[in-house]
Amino acid sequence: MPFVWKLLAKLKLKLLTQGHRTNRWKKKGEMTKKNINIALIGNPNVGKTSVFNQLTGLNQQVGNYPGITVEKKIGFCKLPNNIKANVLDLPGTYSLNASSVDENVVIELLLNKNDKLYPDVILLVTEIENLKRNLLLFTQIKDLEIPTILVINMIDRMKYKGITLDIPYLENQLKTKIALVSSRKGIGIEELKNVITTYKTISTEPCLNASSIDEVYFNNLQKTFPNQSLYKLWLVVTQDVNFVNLNRTILKNNSFTKTNSELKRLQQKETIKRYQFINETLKIGQKIDASSATDFRSKLDSLLTHKVFGYVIFFFILFVIFQSIFEWSKTPMDFIDRTFAALSSTSSEKLPPGAFTNLISQGIIPGIGGILIFIPQIAFLFLFISVLEESGYMSRVVFLMDKIMRKFGLSGKSIVPLISGTACAIPAIMATRNIENWKERLITILVTPFTTCSARLPVYAIIIGLVIPDKRIFGIINMQGLTLMLLYLIGFGMAILSAFVLNKVLRLNCKTFFVVEMPNYKLPMFKNVAINVVEKTKAFVFGAGKIILAISVVLWFMASYGPGEKFNNAESILLSKTENSTLSKFDFKNKVASYKLENSYIGIMGKTIEPVISPLGYDWKIGIAIISSFAAREVFVGTLATIYSVGGSENDTTIKNKMAAEINPDTGKKIFNFASGISLLLFYAFAMQCASTLAITKKETNSWKWPLGQLVFMSSFAYVVAFIAYQILK
Amino acid sequence: MQTTIANLKKGERAIITNFDVEAIPLKLLEMGCLPGNMVELIQIAPFGDPLYLNVNGSHLAIRMETAREIEVEIIDPRT
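Quick note, the sequences are listed as chains R and V, same order.
Residues in the first sequence are numbered consecutively from 715, following the working numbering.
Residues in the second sequence are numbered consecutively from 84, following the working numbering.
If you're looking for bench data, these hints aren't it; they were derived computationally from the structure.
These numbers come from a predicted model, not from an experiment.
A hint or two may mislead.
Stated by the list, open to error - Here are the simulated lysine-lysine pairs, DSS-like style, with alpha carbons at most 25 Å apart:
#1 R:K846 <-> V:K110
#2 R:K972 <-> V:K110
#3 V:K92 <-> R:K997
#4 V:K110 <-> R:K1236
#5 R:K946 <-> V:K110
#6 V:K110 <-> R:K1153
#7 R:K786 <-> V:K110
#8 V:K92 <-> R:K1021
#9 R:K875 <-> V:K93
#10 R:K1013 <-> V:K92
#11 R:K792 <-> R:K748
#12 V:K110 <-> R:K997
#13 R:K983 <-> V:K110
#14 R:K987 <-> V:K110
#15 R:K1117 <-> V:K92
#16 R:K907 <-> R:K891
#17 R:K1021 <-> V:K93
#18 V:K93 <-> R:K1117
#19 V:K93 <-> R:K1013
#20 V:K110 <-> R:K978
In isolation and in its complexed conformation, chain R is listed as follows (with noise of 0.2 Å):
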């Protein structure tokens, strides 16, 4: 399913990005009006995104901020009125007052009128449940002087939780225009739409007057910067956050200069007075009937928070997933490997022989296999945790394994980068975000690479297909699943092994501040749900895939060319050689192929670390795979499956057969054994074999002292574990 999805999004983008593109310099050249920008802003859990979806359709492009990894979604949207405009769906954030990076682009954005992107009209998305809470942020924006309309989604909930809106007077006391969205049944967008036309209308008045809290000092800082909107100086002194026009040091360095603890309780003292007219306005604005809302969310709750039902209920969920992912990516993930492997066989039969076919059926083709073999496996991961994250559930899980998971030093919420992480580690290390302790955020950093993304999983496969018997032990247990499942755990172990053994070592001294919000359950969106799964595994395959393809390309040149005389005249070398002997044409060509792979570049490259891991049971043809994986270790099987292909002669059987065929030339075994394989298993389990992990956590804790930590760590690790595991089963 997700394929015609991602087909049907991808023709669609194209389509209207062309057609907005085309309008868009049309526009230019006759220097009217251009497109008005719309930012998106809400508290989490508020179907912000679902709106944003609604809004945009299709159409929209997700990318990153500048030198952040904070996700950047940006749709176009047709108007009445011939108005176009392009929405931009900010992170969702309870406040102005930021705790997070993904909070800061929100107050850069709005304090930053000369941003591209500057919003014209802020939606300001809420939900009818939580109102009073949604209000908070919105007296906050309307500060800042920028046209808001309030959005209040979820209103098909409103008969059934017995609450009814006074509009008018809300649109009063607010000095706004209210929109009634229910964004799940598509009802309101087009009267939004709308309401979005006129924002010119819409008073930019505050609706109450913060700095009321402490006169003299915003006197005062008014006096010092008298161009400067007060709410935006308030913010800049209470936020870390980069405003151009403003020097920091000068607002803080002044006579009337507060300290970060008054500063404190002036931030809760407008909070109350922000609640106060909240309180007051929803006291007219709002009635609620409780008699008529119904407990179903209690209910769900006492079972999924229940001391053994709802672990119970965790760990069935957990199982089914990981069961299914194996279960049904199989089928597709071989129709893949196969569908590679004859194209890769068609290709150089087809094409006129030559070094630009070589390139392309031994290096090309299978190094783009390695990376859409993926596609099944991740897909299905990222379907399961944006399904678990729409429902609500990711937040009892949460609650759920808070106490437990402090034990070893880590956070409830440590559970979501565990879990994703079992996708990818750097989507897994962003999630780590919203864990307000820092040690305890480190630590999940620092041992989420020990679970076990989807990376692995090919490696994994590969390997277990060719060590471990395809027996069922009991006549139900799969033996290869078995594994399989055992890697999952042992990974999983490790990660909360070290946790307890960094709890132990790191000395840091930081206040818990634990705050999870409990949203209500939903029933998940398909095309939210739809939308994530091929936004995530797009960004996945694209930055992945470029670096498998460089690398297979590379590594073909590597390994078909070689220095010196062994390599430009293995022919005649190996025919003076085996003179005497009878060997047929066929087996010839073997030889002069496998020896000439021995005397390229790659070759001595893996010859020369051959000492090295000849104690794990690996010959120079998987060091070459592990020297090339170490930059993502996905490209193991692509390594294996280019060098395979430059080696052999045949090219119709999969990279599989030519694996299980390989023998060692010294001993007369095969190089893939059970003793080799489990030690290649467990190597690829521990080392840490991916850059941009070590990138985004480089990033995220803002040293290298962290990801080089974990690089000298896992890889040795890793070289242990496996050199214990070899030289015991062999």
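Following the hints, complete the assembly by docking chain V onto the known chain R.
Only chain V this time, still in chain R's reference frame:
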């Protein structure tokens, strides 16, 4: 009766009376944990920690150590 959130029983309601601002994350204040607002203990996690609360209409969970810092006045269940 004067106590802290940490001592509430499941299902009990109370009014927040006082706390030390330094000991409470700002995010908690923003979610409505302010003097004068009502808090209800919905659920206690297995092993006694964290606590699942309804504060001023917001559903959220906090740890015991934060809960101990927030003083409350229990509302008489009969009224």
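The hints, checked one at a time:
Restraint check for K846 of chain R and K110 of chain V: satisfied, since their Cα atoms lie roughly 15 Å apart, inside the 25 Å limit. Note on K972 of chain R and K110 of chain V: the hinted pairing holds, with a Cα-Cα distance of about 21 Å set against a maximum of 25 Å. Simply put, K92 of chain V and K997 of chain R have alpha-carbon atoms about 29 Å apart, too far for the 25 Å limit, and the pair is violated. A C-alpha spacing of about 24 Å is found between K110 of chain V and K1236 of chain R, which places the hinted pair at or below 25 Å, so the restraint holds.
About 20 Å separates the Cα atoms of K946 of chain R and K110 of chain V, which keeps this hinted pair within 25 Å; it holds. For the proposed pair K110 of chain V and K1153 of chain R, the alpha carbon gap of about 19 Å is at most 25 Å, so the pair holds. Simply put, K786 of chain R and K110 of chain V have alpha-carbon atoms about 24 Å apart, close enough for the 25 Å limit, and the pair holds. The straight-line distance between the Cα atoms of K92 of chain V and K1021 of chain R is roughly 17 Å, inside the 25 Å bound, and the hint therefore holds.
Restraint check: the Cα-Cα separation between K875 of chain R and K93 of chain V comes to about 23 Å, which is no more than 25 Å; the hinted pair holds. This hinted pair checks out: K1013 of chain R and K92 of chain V have alpha carbons roughly 18 Å apart, not beyond 25 Å. Of the pairs offered as hints, the one joining K792 of chain R and K748 of chain R holds, with about 13 Å between alpha carbons and a cut-off of 25 Å not exceeded. The suggested pairing of K110 of chain V with K997 of chain R holds, with an alpha-carbon distance near 24 Å, which does not exceed 25 Å.
Simply put, K983 of chain R and K110 of chain V have alpha-carbon atoms about 14 Å apart, close enough for the 25 Å limit, and the pair holds. The straight-line distance between the Cα atoms of K987 of chain R and K110 of chain V is roughly 16 Å, inside the 25 Å bound, and the hint therefore holds. Taken as a hint, the K1117 of chain R and K92 of chain V pair is honoured in the structure, with Cα atoms around 19 Å apart against an allowance of 25 Å. The suggested pairing of K907 of chain R with K891 of chain R holds, with an alpha-carbon distance near 12 Å, which does not exceed 25 Å.
This hinted pair checks out: K1021 of chain R and K93 of chain V have alpha carbons roughly 14 Å apart, not beyond 25 Å. Among the hinted pairs, K93 of chain V with K1117 of chain R is consistent with the structure: their alpha-carbon atoms are about 18 Å apart, no more than 25 Å. The hinted pair formed by K93 of chain V and K1013 of chain R meets the criterion: a straight-line CA distance of about 14 Å does not exceed 25 Å. A threshold of 25 Å between alpha carbons decides the hint, and for K110 of chain V with K978 of chain R the separation of about 12 Å falls inside it, so the pair holds.
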